[in-house]
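Just so you know, the protein sequences line up as chains X and E, in that order. Heads up: the first sequence is residues 1 to 206, going by this note's numbering. Heads up: the second sequence is residues 1 to 259, going by this note's numbering.
Please note that the accuracy of each hint is not assured.
What the hints assert, rightly or not - Ranges between beta-carbon positions, derived for each pair:
1) X:Q92 / E:L107: 33 to 41 angstroms
2) E:T119 / X:G169: 51 to 59 angstroms
3) X:Q92 / E:V251: 42 to 50 angstroms
4) X:E11 / E:R96: 30 to 38 angstroms
5) X:S173 / E:S26: 19 to 27 angstroms
These are computed hints drawn from the structure, not numbers from a lab. Built from N, CA and C at the ideal position, the CB exists for glycine as well.
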Amino acid sequence: MKKVPHNPSDEELLRLMLAGDGQAFEQLYERWQAAIYRFALRMSGSEPLAEDVTQDVFLRLMRDGWQYKARGSFAAYLLAMARHCLLRRLQQERRFITFEAGTDDGMLAEERLMAETDPLAELTREEMIAAVQQAIEGLPLHYREVVLLCHLHELSYAEAAAVIGCEVGTVRSRLHRARALLAEKLRFLGKADKAAHHLPLTGCLI
Amino acid sequence: MNCQQFEKLVVDLASDYLMEATTAASALAHTKDCARCAARLAAERRLTEALRTFAVSEAAVRAPERVRLTLRAAFDKHLAETAAVASLSPARHLVRWWVATAAAILLLAAFTVALWVRTSQMEKEPVAGTRQPKQLQPSVPPKTGVKSIVEGEPNKLAIARSSDAAVTAQPRSRRAGRERQIEVDSESEEEESEAEFIPLTLVAQTEPGETEQVVRVEVSRLTLLLWRLPVSAERGEERVQAEVVIGEDGVARAVRILN
Chain X
1 MKKVPHNPSD
11 EELLRLMLAG
21 DGQAFEQLYE
31 RWQAAIYRFA
41 LRMSGSEPLA
51 EDVTQDVFLR
61 LMRDGWQYKA
71 RGSFAAYLLA
81 MARHCLLRRL
91 QQERRFITFE
101 AGTDDGMLAE
111 ERLMAETDPL
121 AELTREEMIA
131 AVQQAIEGLP
141 LHYREVVLLC
151 HLHELSYAEA
161 AAVIGCEVGT
171 VRSRLHRARA
181 LLAEKLRFLG
191 KADKAAHHLP
201 LTGCLI
Chain E
1 MNCQQFEKLV
11 VDLASDYLME
21 ATTAASALAH
31 TKDCARCAAR
41 LAAERRLTEA
51 LRTFAVSEAA
61 VRAPERVRLT
71 LRAAFDKHLA
81 ETAAVASLSP
91 ARHLVRWWVA
101 TAAAILLLAA
111 FTVALWVRTS
121 QMEKEPVAGT
131 RQPKQLQPSV
141 PPKTGVKSIV
151 EGEPNKLAIA
161 RSSDAAVTAQ
171 PRSRRAGRER
181 QIEVDSESEE
191 EESEAEFIPL
201 TLVAQTEPGE
211 TEQVVRVEVS
221 RLTLLLWRLP
231 VSAERGEERV
241 QAEVVIGEDG
251 VARAVRILN
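With the hints as constraints, model all of the structure from the sequences given.
See the structure below:
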């Protein structure tokens, strides 16, 4: 059996794994399990579900991994698989959070949030992390996933669009609104200049 | 750049996403002139920083060890199953291939015969009431030869069941006054051995008045074996000629091996 190279690419590991190389499987798992698990965990807020999704993804990789074409990034391929498994399981468990429009009412939340003072500004790092996690988990699912993909997994807009199966422009606009909602939830952006807030947007077209 | 244009760029700017240097410079220049947009950018940067802090804290989160163990067991099982399939002897692979090929040929032949029978029936329809002898043009295979079976004549077909009871010859068509005339390659017929037609089990019985066709086909011995006909399996790939009695529904009723 061919030995796994020292620093193999994901494609190489996948090829070896599909050829029956257990070491390649272990390496591929070690490389990607955390990302898949975290994505599923933060999307669902459930550890058992995140474990199930992680298992599903790697089982599918064993079975259907040969279908992977190296056109897109491997991360996007795996996360798309994870997203699919997660949504299917959420539907099965009737815990599906609908992809409702949320607060897409045209008026962006930053206009409201900038009026607020910042009650969380003095929080410790741990408290802030907990607050951000809570705020992310409180987002509607279609906003949550773009925040997780673009900020936690650092995918580009194009990669995130490939994972979700939508246009790049959709990712961009969802991320914009998701951030506004997050800021509103966190309310720690109140250090923004109050005076500036009171300037109407149209009064500043310079 | 104005505030509306800036608003479209503020997230990318705060997240340090790639953008044209001139666009970024223009947006940053705008913040120097517009206090509101400067505050917007600062707020977005604080949010980005908070998200990055959260992302860093998430780095320690990983799937429990039991997930890895479960998956490793599944991988080993999957590997064992794959190895078991691969270890099948080449002979068994060959047999499978031949069975698949024979089945495909059989299906193709049955489809062609059914099509031919149906076409024949459609040709009969317009001349209802006039019972004329019909010339059948076998299409598969090209060398197909068929017998002439005339109502009322002593039938040469001895249909023998593979079980203990032998069934004596019966007219293959009971339609009154009906005559089926089928072209026969007389030369080849003389050379053929006069084997008996063997009914194929598990097929529909011949209905009274049903017209049947006898079609000559070329099939492998393996196919005949699949039909449970008494042929040698040693030369399974060898092709033999046979005549098949086909009912109006296109289903084979009986078969006879010619050589």
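Now the hints, each set against the structure:
1. X:Q92 / E:L107: 33 to 41 angstroms: holds, 39 angstroms
2. E:T119 / X:G169: 51 to 59 angstroms: At 58 angstroms between Cβs, range holds.
3. X:Q92 / E:V251: 42 to 50 angstroms: holds, 45 angstroms
4. X:E11 / E:R96: 30 to 38 angstroms: holds, 33 angstroms
5. X:S173 / E:S26: 19 to 27 angstroms: Hint holds: Cβ distance 22 angstroms, inside 19 to 27 angstroms.
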